[in-house]
Amino acid sequence: MDLRFTDEENAFREEVRSFFRDNLPDDIRAKMIDGEHLDKPDFVRWTKILNAHGWGVPHWPEEHGGTGWGPMKQYIFLEELQKYPAPQPLAFGVNMVGPVIYTFGNQAQKQRFLPAIANLDDWWCQGFSEPGSGSDLASLKTRAVRDGDHYVVNGQKTWTTLAQYADWIFCLVRTDTAAKKQEGISFLLIDMKTPGIEVRPIVTIDGGREINEVFLTDVRVPVENLVGEENKGWDYAKFLLGNERTNIARIGVSKQRVARIRELAALEMAGGRPLIEDERFREKLATIEIDLKALEMTQLRVVAADAKRGNTGKPDPASSILKIKGSEIQQATTHLLMEVMGPYAAPYLPEHDARWNEPSEVPEYAPVAAPNYFNNRKVSIYGGSNEIQKNIIAKAVLGL
Amino acid sequence: MDFDLSEEQSMLRDSLDRLLADTYGFEDRKGFMATPEGWSTDIWRQLAEMGLMALPFAEADGGIGGGPVETMIVMESLGKALALEPYFATVVLGGGFLRLGGSAAQKADLVPQVADGSLRLAFAHTERHSRFDLAHVATTATRDGDGWVLSGSKSVVQHGDCADRIFVTARTSGGTTDENGIGIFLVDTGAEGVSRRGYATQDGLRAAELTLDKVRVPAGAVFGDPENGLPLARRVVDQAIAALAAESLGVMGAMHALTVDYMKVRKQFGVPIGSFQVLQHKAVDMYVAIEQARSITLYATMMADSEDDAERARAMHAAKAEIGRGGRVVGENAIQIHGGVGMTMEYAVGHYFKRMTMIDVAFGNADHHLRELARAGGLFSAAA
Chain W
82 MDLRFTDEEN AFREEVRSFF RDNLPDDIRA KMIDGEHLDK PDFVRWTKIL
132 NAHGWGVPHW PEEHGGTGWG PMKQYIFLEE LQKYPAPQPL AFGVNMVGPV
182 IYTFGNQAQK QRFLPAIANL DDWWCQGFSE PGSGSDLASL KTRAVRDGDH
232 YVVNGQKTWT TLAQYADWIF CLVRTDTAAK KQEGISFLLI DMKTPGIEVR
282 PIVTIDGGRE INEVFLTDVR VPVENLVGEE NKGWDYAKFL LGNERTNIAR
332 IGVSKQRVAR IRELAALEMA GGRPLIEDER FREKLATIEI DLKALEMTQL
382 RVVAADAKRG NTGKPDPASS ILKIKGSEIQ QATTHLLMEV MGPYAAPYLP
432 EHDARWNEPS EVPEYAPVAA PNYFNNRKVS IYGGSNEIQK NIIAKAVLGL
Chain S
358 MDFDLSEEQS MLRDSLDRLL ADTYGFEDRK GFMATPEGWS TDIWRQLAEM
408 GLMALPFAEA DGGIGGGPVE TMIVMESLGK ALALEPYFAT VVLGGGFLRL
458 GGSAAQKADL VPQVADGSLR LAFAHTERHS RFDLAHVATT ATRDGDGWVL
508 SGSKSVVQHG DCADRIFVTA RTSGGTTDEN GIGIFLVDTG AEGVSRRGYA
558 TQDGLRAAEL TLDKVRVPAG AVFGDPENGL PLARRVVDQA IAALAAESLG
608 VMGAMHALTV DYMKVRKQFG VPIGSFQVLQ HKAVDMYVAI EQARSITLYA
658 TMMADSEDDA ERARAMHAAK AEIGRGGRVV GENAIQIHGG VGMTMEYAVG
708 HYFKRMTMID VAFGNADHHL RELARAGGLF SAAA
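Same order as they appear, the protein sequences are chains W and S.
Its first residue numbered 82, the first sequence is counted upward by one per residue in our numbering.
Its first residue numbered 358, the second sequence is counted upward by one per residue in our numbering.
Just so you know, these hints were derived from the structure itself, not from any lab.
Glycine included, C-beta positions come from ideal geometry on N, C-alpha and C.
Some clues are possibly wrong.
Which residues of chain S face chain W? A few of them, derived with a C-beta cut under 10 Å, are [what the hints assert, rightly or not]:
#: 1; residue: GLN366
#: 2; residue: TYR644
#: 3; residue: ALA672
#: 4; residue: LEU736
#: 5; residue: SER738
The shape of chain W in the complex, shown without the other chains (with noise of 0.2 Å):
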């Protein structure tokens, strides 16, 4: 037993923060510490600037553009990444659709889609969810029906987290209705300017326009778009939403809210004396501190097996945990950062107020705390729910 980094891996712990330092530009960095939401010119950008330097899909297999690193390293990028903070690239692509196309998609697939994903010139946006298939995903109902060499697709996804942007969306549909629910399912890559998709947005309890419904009319798909073998969709769904074994627990969005939270605590006043100095307070930061430490040290765990037995891409058990525990720190750390605005947490400021000319007493940082708060509770919901990976502990772990 040896739980010290490496000196290979303090060194590249560096040279991964001396990158981002030197190459993310000041204003999208000002965005993630501030807890702004992102345009997709942000986005743009900066998957370029890592692309460009070999980074843009570190996990992926090199021959696909991959760097090769084994899984601590990639754990540390993405912890530093975190950290920094730096935008993470755009996980629809690179974490969810991109490894379903490089294991289970064809040649001209791959040679189609891979290296737009690594670059951003695609954006993906997900299609798994329906009005009527939450945690019951595999009862979803949009329907693909073959015709010559098309699927023509009817249907309607939801939550599609920034579909607005999309260029496509890989979806889930029905292609035998025949077969028992899991059996009947295809997964289908679908150009989002097809005639019939048609985008609403759904605003979230925290004003954010970040998901949305696609509805999708006599969408004609060509039969080349269908990734593996028809009525199979149900393992790739499988595989990818078991992929994430090193990121779900956001260990390094946790620590940069947790600095944050002290850097701020220290500038609002409480009693004629900075929050931070206010025991009550202190002991809540502590408890989420212990908390996370715990996780890091599972984290470090699962990281550590993976990268002793080869990272095998099955799903393991632990990796509920990390959802688990990494959801609730989240949570935790977006409501004690919205404690700290105290009265400040009220004022609904969106976008700037031109028609103030007087300086403001609301301190700058203080209107998007208690908006990350609410919109931070989707994190126990998605990927499925908190409740849905304790139902995953309790068979897979425990045997019930």
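Following the hints, put chain S in place on chain W, whose structure we already have.
Same frame as chain W, now just chain S:
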């Protein structure tokens, strides 16, 4: 980073687990508790024969040269067996003072006696109203020629009733709560003026109230600087906290295993109660708490040797707070899921629950360590 045990470490775990599996059944343990010592002198001898008493001492001092990882392995196994023997008091606490504060002469005299199992030690620090503050010391030590004279009372000295010698914190100068002016003295329990009242603790282990009435100790009984012994005591206690965290892993793991097994066999409404989602989720909450406790224990074990007092202390605050909180989640759910049978003295789970609860009140409970960590500026105040 490598979280796996070495081959030697795995062998240590396996052989100790095998010994305890063969000798430490629930009924065996009840029998040990009923002896005058309250634990098994026969098991104690077998542990010594395995080399466990010599484990943490340097080879040059007559030990085996194990470190915090070896102690973690032993303590987890002892926790799993709910062992009653004074290993923690003798080897972790007493041995800690020997290793970290003993002079060459003191080590040469005492380590071999601990290593062969013939000498039992304990650590007396708690006083009325000291609560969890090691620096709160009203017991006095006054110079008398070459030696010292000690007077005062110590409480809840774990395994103080069977110890041959007891490490005692005593004030050599200053006021009751001053950090300076505390000395560490090794007191022979047969010396004139030493009286003890032994009793069982809630978890079935043993402890004692200790009274020192003008007890004369020689100069050689002082460990470290008699004017500034607190840093030594803190180092020993920090390592002891890492050991208790490891013990708690064994205790929690056993409770969880018993509970999940019970959920598979206990039927109500015609089905195993493990088929009920509400109970499944409680069992998962226990599992998550244990895995988090394991992670923080590994962190504490890694830090136990650290020479950086502040960083080491922060790690122990985090560990003790986490196992206190997690232990309660695991223990209370274990009882709840078992239902009535979990409440009975005749079933093991309650005994694990009681040990877990008593671990929390030893060397600072979860609240205490959370407060201390908060006062120390938190865990991630450095670059981290």
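Hint by hint, here is what the structure shows:
Among the interface hints, the one on S/GLN366 holds; its C-beta lies about 7 Å from the nearest C-beta in chain W, closer than the 10 Å criterion. Interface hint at S/TYR644: satisfied, since its Cβ lies 6 Å from the closest Cβ of chain W, which is below the 10 Å cut-off. Interface hint status for S/ALA672: upheld, as the beta-carbon distance to the closest one in chain W is roughly 8 Å, under 10 Å. With 10 Å as the threshold, the beta carbon of S/LEU736 comes within range of chain W, its nearest partner Cβ sitting at about 4 Å, so the hint holds.
With a cut of 10 Å, the hint placing S/SER738 at the interface with chain W holds, because the nearest CB-to-CB distance is about 7 Å.
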